[in-house]
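K.L.:
As they're listed, the protein sequences go chains A and B.
Just add 969 to the spot in the first sequence (first one is 1) and you have the working numbering.
Just add 355 to the spot in the second sequence (first one is 1) and you have the working numbering.
In case anyone wonders, no lab produced these hints; they're calculated from the structure.
Among the hints, erroneous ones may be present.
[As the list claims (entries may be wrong)] Covered, in the sense of this in silico footprint (three residues per stretch, anywhere, with C-beta under 8 Å from a C-beta of chain B), are these stretches of chain A: (1) 988 to 997; (2) 1024 to 1036.
[Unchecked claim] Residues on chain A that point at chain B, a partial pick, calculated with CB under 10 Å: (3) His-975; (4) Leu-979; (5) Ile-1013; (6) Trp-1016; (7) Ala-1061; (8) Asp-1091.
All C-beta atoms, glycine included, are put in the ideal place defined by N, C-alpha and C.
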Amino acid sequence: MDLATHQRSLLGLLRSNLDSSACTDPYIHRVAQSPDLQEAKRNIFLWRIYVLERTAPLTFRLLEQRGQLAARVAHFIATRNISPFRETQAPAFLEASSESADSLERSVARFELALLKVKAGDQGRHIAIWEFEPQVILHSLASAIPLPDPLPLGLYHTVVSRGFAGNLQIVSGHPPVFNG
Amino acid sequence: MMSTATQQTQPRRCAVGVTYEGRDARLLERMLPLVEYLEVTPETISEVHGGELRLSPDIMAELKSLGPDVQIVLHGVSLSIGSHDGWSDSYLRLADEFMDQIDVAWHSEHLGYTKVDGQHLGIMLALPKTDEMLDILSERVNAIQARYRLPFLIENIVHVIPDAGGTYSDAAFLNALTQRTGCGLILDTYNLECDAHNHPFDIEAFLAEIDATRVRELHVACGVEHNGFLLDVHSKLTRPSTVQLAQRVIADALGHAQAVVFEFMPEAVDGLGHEAIESELQRLNTAFGG
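I would like the entire structure built from these sequences, with the hints used as guidance.
P.N.:
Written out as structure tokens, the structure reads:
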């Protein structure tokens, strides 16, 4: 087997999208049937978890508390070609969560992504709309304590910008709309 | 060739180094008096700025402020030197940016690959030990040495899946690469232990065959065991056996080995604690005469 086919086959095994029974190379068969491969896949998953726990803690804890973390990370790995190293993983994960159909996940992820951007020097103003009272929720997530039940409803928006003390402002109601 | 476990080895001094990924000034303050080298991985001190990966200005400023008592060594994790379709240009851009700003004693990478056709594996895989692979690696190592005009070291990695084999043993493959290119080696003695634990890998045979005079740096670390596999996760303090293996390699490197670097990942710092890391560096200084 040439080098390109060898490496593509192993990529396919790690991503679970290669039918090894169709391969003629005995080495690929041996890897496919090895416990090592299962352990390697588990390590790939756990490494993503370790990094996200540290680099996107608010969204991580929200998903963890809701029992959605493993499924979200598995979907992220399967659908996004993102480096496993720290530098790009959190922004990509938060961008994906920012498009979630779930309102709270979307708000937390947009807020946390804004914090990352501003911390990295972004000069913009980043607004996230909330259908829940953000201060209580962010306090719970930052403190790693359970979210209040029921969640406190309310219309708010957060603004993350270098222009504010602590880079953050929480405002009641919709953000103002500027015309013209 | 290497001494055997039962032969008397001649102890030699080797400086101690440690990994550092920035933004932990209190930990750095405790480590600096105990190390002569800081090993920095450019990918882990990078941030995304406007969609582009750049070194963190804050961490670079921190590194630039270090005094002359500590040397920086640059250790890549994503060059992917063995990918069939070429290495990672984004890694080289980071290395360029780093070395434009900070003097480094040497530069190193892993003997493996992390990408295939631009797709991230999510893990680093070892390479088949064939002449085809050796030709590719030799050309790339020579290109890197010409690009940076610095010593370049290649590190042995853990085999996370069964060995792909080839026409060389692991040691013979490393020997051939160093002979062809003049590059040096990082020998990670914990990785050797992982391979011996997880696979039919013979550490004694490897040490007997490897040309230890090419070893400029050693890595010591420790991880956890899971499902019977010893994992290369850098989350624990080193085991005595790992240190003893490193001592044997240093003795047989005949003065060529310059640094032993204790590797731990930042995710492990809270669990280990600053005091334990400081104590570990003291212990390594005693073990290696640093």
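K.L.:
Look at each hint and say if it fits the structure.
P.N.:
Verification of the hints:
Only residues whose beta carbon comes within less than 8 Å of a beta carbon in chain B count, and the region 988 to 997 of chain A has 1; fewer than three means the coverage is violated. Residues of the region 1024 to 1036 of chain A lying with their CB closer than 8 Å to a CB of chain B number 0, which falls below the three-residue condition for coverage. Annotation: interface hint on A/His-975 holds; nearest CB of chain B at approximately 6 Å, less than 10 Å. This hint holds: A/Leu-979 has a C-beta 6 Å from the nearest C-beta of chain B, less than the 10 Å allowed.
Look at A/Ile-1013: its Cβ gets to within about 4 Å of chain B, closer than 10 Å, so that hint holds up. Contact between A/Trp-1016 and chain B, as hinted, is supported at the beta carbon level, the nearest pair being about 7 Å apart and thus within 10 Å. Restraint check, A/Ala-1061 versus chain B: the minimum CB separation of about 9 Å is within 10 Å; hint holds. The beta carbon of A/Asp-1091 is positioned within 10 Å of a beta carbon in chain B (closest approach about 8 Å), and the interface hint is therefore held.
Violated hints for the displayed structure, listed by number in ascending order: 1 and 2.
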